[in-house]
Structure formats: C-alpha cells, structure tokens
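Engineer: Just so it is clear: in the sequence shown, position 295 is 295 by this note's numbering, and no numbers are missing.
Watch out, some of these pointers could steer you wrong.
[Said to hold, decoys possible] Think about it this way: if two alpha-carbon atoms lie no more than 20 Å apart in a straight line, the pair counts; the simulated SDA-like pairs of lysine to any residue are:
#1 LYS277 x ASN294
#2 LYS85 x ARG74
#3 LYS125 x LYS179
#4 LYS277 x LYS214
#5 LYS140 x LYS214
#6 LYS150 x ASN294
#7 LYS277 x GLU221
#8 LYS119 x LEU88
#9 LYS119 x SER77
#10 LYS179 x ARG209
#11 LYS119 x THR188
#12 LYS93 x ASP81
#13 LYS154 x ASN196
#14 LYS119 x ILE97
#15 LYS119 x GLU147
#16 LYS125 x LYS154
#17 LYS214 x PRO87
#18 LYS140 x LYS85
#19 LYS140 x ASP170
#20 LYS214 x GLY113
#21 LYS125 x LYS150
#22 LYS93 x ASP82
#23 LYS59 x GLY116
#24 LYS150 x ARG209
#25 LYS288 x GLU257
#26 LYS119 x ASN187
Simulated from the structure, these hints should not be mistaken for lab results.
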Amino acid sequence: MLLPLIAGAVAFAAASQGLAQEKLAAPNLNLPGLSEYANPEAPENKPLANTSELILEAKLKEGDPDIERGLVWRVFSPEPDDNDKLPLVASAKGGTISLHLPEGSYLVHVAYGRAGATKRITMHKGTRHESMILDAGGLKLNAVLPEGGKIPEKLLRFSIYEGDEDNANDRSLIIPNVKPNSVVRLNTGTYHVVSNYGSANAIIRADIRVEAGKLTEATVEHRAAQVTLKLVRERGGEAMADTAWSVLNASGDPVRESVGAYASMVLAEGEYVAIAKNKDRIYQRDFKVVSGQNEEVEVLANGDYEPAGDESLD
C-alpha cells in the first residue's frame with residue numbers, strides 16, 4: 001500500500017520543482033551596453049584632482065620634537081553657515097597628519113588635552129606644510145597631610161580655574177573633578193587650583209604656573225582629618241539609628257548635615273559642635289579636630305536634652 005503513496009509523492013515533488021523553475025526563469029531584459037572598465041581619467045574617478053595636500057604637525061614649543069599622538073585636528077571654513085557656525089570641513093586624530101583640501105581659506109584648530117591653537121591658512125596648488133606651536137605644558141596635582149601623610153585618592157579631587165587676578169571672585173571653571181596624579185595638558189599661563197579633601201570644609205587654594213614644554217608637579221598640604229560621629233546611650237555602645245546630624249564650626253556656621261546612625265566626614269583642623277537629633281530630643285557635644293588624626297566621636301544620649309520643637313538646628 002505504501003508504493004502508490006511514495007510514487008504519488010515523488011510525482012508531486014517533481015511537478016512542483018518544474019513549476020518553481022518555470023516561475024523563476026530569468027526575464028528577457030534589454031540592458032544598455034557596459035564599458036569593460038572605469039575610465040581613470042574621468043573627473044568622477046579622480047576626487048583629489050582639484051585638491052592640494054596639507055601636512056600638519058604640532059609642537060609644545062618652538063624647537064621641540066613633533067607631538068606623535070593625542071592630537072585632535074579640525075579644519076573649518078571661515079565663513080559661518082545659516083546657523084552662524086563655522087562648517088567643519090575635515091577632522092583627524094593622531095600626530096602629524098595629511099589632508100587634501102580644495103583651494104581656499106581655512107581655519108585650522110589643533111587640541112592637545114585642554115591646550116589648543118588656531119591658525120588661518122590659504123590653500124593653493126601644491127603641497128603645503130604647516131607647523132603649529134601649542135605653547136603648552138602639563139600639570140600634575142596631588143595633596144598630602146602634614147609630615148607627608150597620605151590622603152585616600154577617592155576622597156581627593158581638584159578643580160582648575162582661570163587665573164585672572166582682576167576677576168578673582170568670578171573665575172571661569174576650566175576642568176572640574178581632576179583626579180590626583182593625572183596629567184592635564186594646558187596652555188602656558190597661571191591657573192587657580194582648588195583642592196577638596198572630602199566634601200565638607202577641607203579646602204586648599206593655590207595659584208600654579210604652567211610652563212611651555214614642561215610638566216609642572218604641584219602638591220598642596222591639607223590640615224584635616226576624617227571624623228565619624230555616632231549617638232550612643234553609653235560610651236562604647238551601639239550607634240542609634242535614625243539620627244539627624246548637624247556640625248557647626250567655632251563661629252556657629254553649619255559645616256555639614258547628614259542623617260543616619262553614623263556621620264562620616266572630613267573636617268579641617270579646628271573646633272566644632274556636633275548636634276544630634278533623635279526622635280524629639282536633641283543632644284550635642286563639642287569636639288576638636290587635629291590634622292591627620294582620624295577619630296570616632298561619641299555623643300551621649302543620656303544627658304540633658306531640649307525638646308526639638310519647630311526650631312532650626314542652625
């Protein structure tokens with residue numbers, strides 16, 4: 001009984017294949033004649049025919065070797081577009097580069113980190129070689145405690161501002177959150193550097209000069225320490241949860257506020273008042289911070305207290 005079924009299936013498959021081949025037969029197309037090769041002399045096949053080569057290199061200062069890597073080149077048209085912006089014509093990264101540009105005027109900008117230089121050039125027929133002088137150097141920042149004590153890098157950050165002495169109260173921020181021991185490339189000049197140890201009041205400021213072709217290494221000294229506050233019922237006891245903390249300096253100005261069983265912070269050397277609010281009670285303790293001496297400060301919750309009321313802790 002299987003033989004007739006198999007024979008029928010084979011016949012059906014053969015018929016289907018023949019039908020498919022009939023459907024997929026190539027159409028009769030009348031194609032135009034094609035040339036055997038692309039003419040290399042045709043204008044569309046010579047995109048660089050009407051351009052000239054521009055070779056660009058950059059140095060930190062006159063007489064220095066060429067910078068081999070880390071440069072960002074941008075070439076702009078000097079005429080603004082409809083959005084009042086200079087159109088970008090070409091860009092490249094690396095060291096010395098070669099570009100092909102049509103005849104005309106251009107603005108060439110090279111950046112090396114935060115250092116940069118711009119020059120207007122005019123392209124004519126033939127190769128042009130242009131050397132850019134960045135007049136730049138490097139800045140490497142770090143901070144220590146007295147007598148060379150180390151500061152955890154995760155707690156240390158720098159901000160670099162313009163060094164304009166005539167506008168000291170409104171300096172422009174150039175680079176925020178600079179990590180210690182990282183090299184920042186800047187144009188030659190004087191910069192205002194702010195060092196933050198922690199996020200409270202341990203702040204050091206300094207004006208630092210960057211020289212062309214040199215790496216300037218600057219280390220500032222912080223007089224501060226890490227402090228951990230906790231509210232306890234007895235000395236050495238467990239910290240009480242849900243505590244609101246406020247730390248005041250000797251003048252009564254707020255320095256830091258936080259909520260939790262522990263309040264950890266970095267404070268500049270000096271005298272402070274720790275105020276702890278837990279439920280409807282307020283406790284406080286005077287304490288002193290000595291530079292480089294990290295400590296745990298306990299506030300006892302079994303002494304006199306005041307109702308919190310609606311009064312501010314400030």
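Engineer: Could you run down the list of hints and mark each one as holding or not?
Structural biologist: Hints, one by one, checked against the model:
1. LYS277 x ASN294: Judged against 20 Å, a Cα distance of about 24 Å means the pair is violated.
2. LYS85 x ARG74: With Cα atoms ~14 Å apart, LYS85 and ARG74 stay inside 20 Å; holds.
3. LYS125 x LYS179: 47 Å, violated
4. LYS277 x LYS214: 53 Å, violated
5. LYS140 x LYS214: Holds, at roughly 11 Å.
6. LYS150 x ASN294: 12 Å, holds
7. LYS277 x GLU221: 34 Å, violated
8. LYS119 x LEU88: Within the cut-off at roughly 15 Å; holds.
9. LYS119 x SER77: Distance of about 12 Å is within 20 Å: holds.
10. LYS179 x ARG209: 19 Å, holds
11. LYS119 x THR188: Answer holds: LYS119 to THR188 is near 17 Å, not above 20 Å.
12. LYS93 x ASP81: 25 Å, violated
13. LYS154 x ASN196: Distance of about 11 Å is within 20 Å: holds.
14. LYS119 x ILE97: 16 Å, holds
15. LYS119 x GLU147: This hinted pair is violated, its Cα atoms lying about 48 Å apart.
16. LYS125 x LYS154: 55 Å, violated
17. LYS214 x PRO87: 34 Å, violated
18. LYS140 x LYS85: Between LYS140 and LYS85 the Cα gap is close to 35 Å, so the pair fails against 20 Å, i.e. violated.
19. LYS140 x ASP170: Distance of about 24 Å is beyond 20 Å: violated.
20. LYS214 x GLY113: Distance of about 14 Å is within 20 Å: holds.
21. LYS125 x LYS150: 60 Å, violated
22. LYS93 x ASP82: 28 Å, violated
23. LYS59 x GLY116: 11 Å, holds
24. LYS150 x ARG209: 24 Å, violated
25. LYS288 x GLU257: Satisfied, since the Cα-Cα distance of roughly 17 Å is no more than 20 Å.
26. LYS119 x ASN187: 15 Å, holds
Hint compliance for this structure: hints 1, 3, 4, 7, 12, 15, 16, 17, 18, 19, 21, 22 and 24 are broken, all remaining hints hold.
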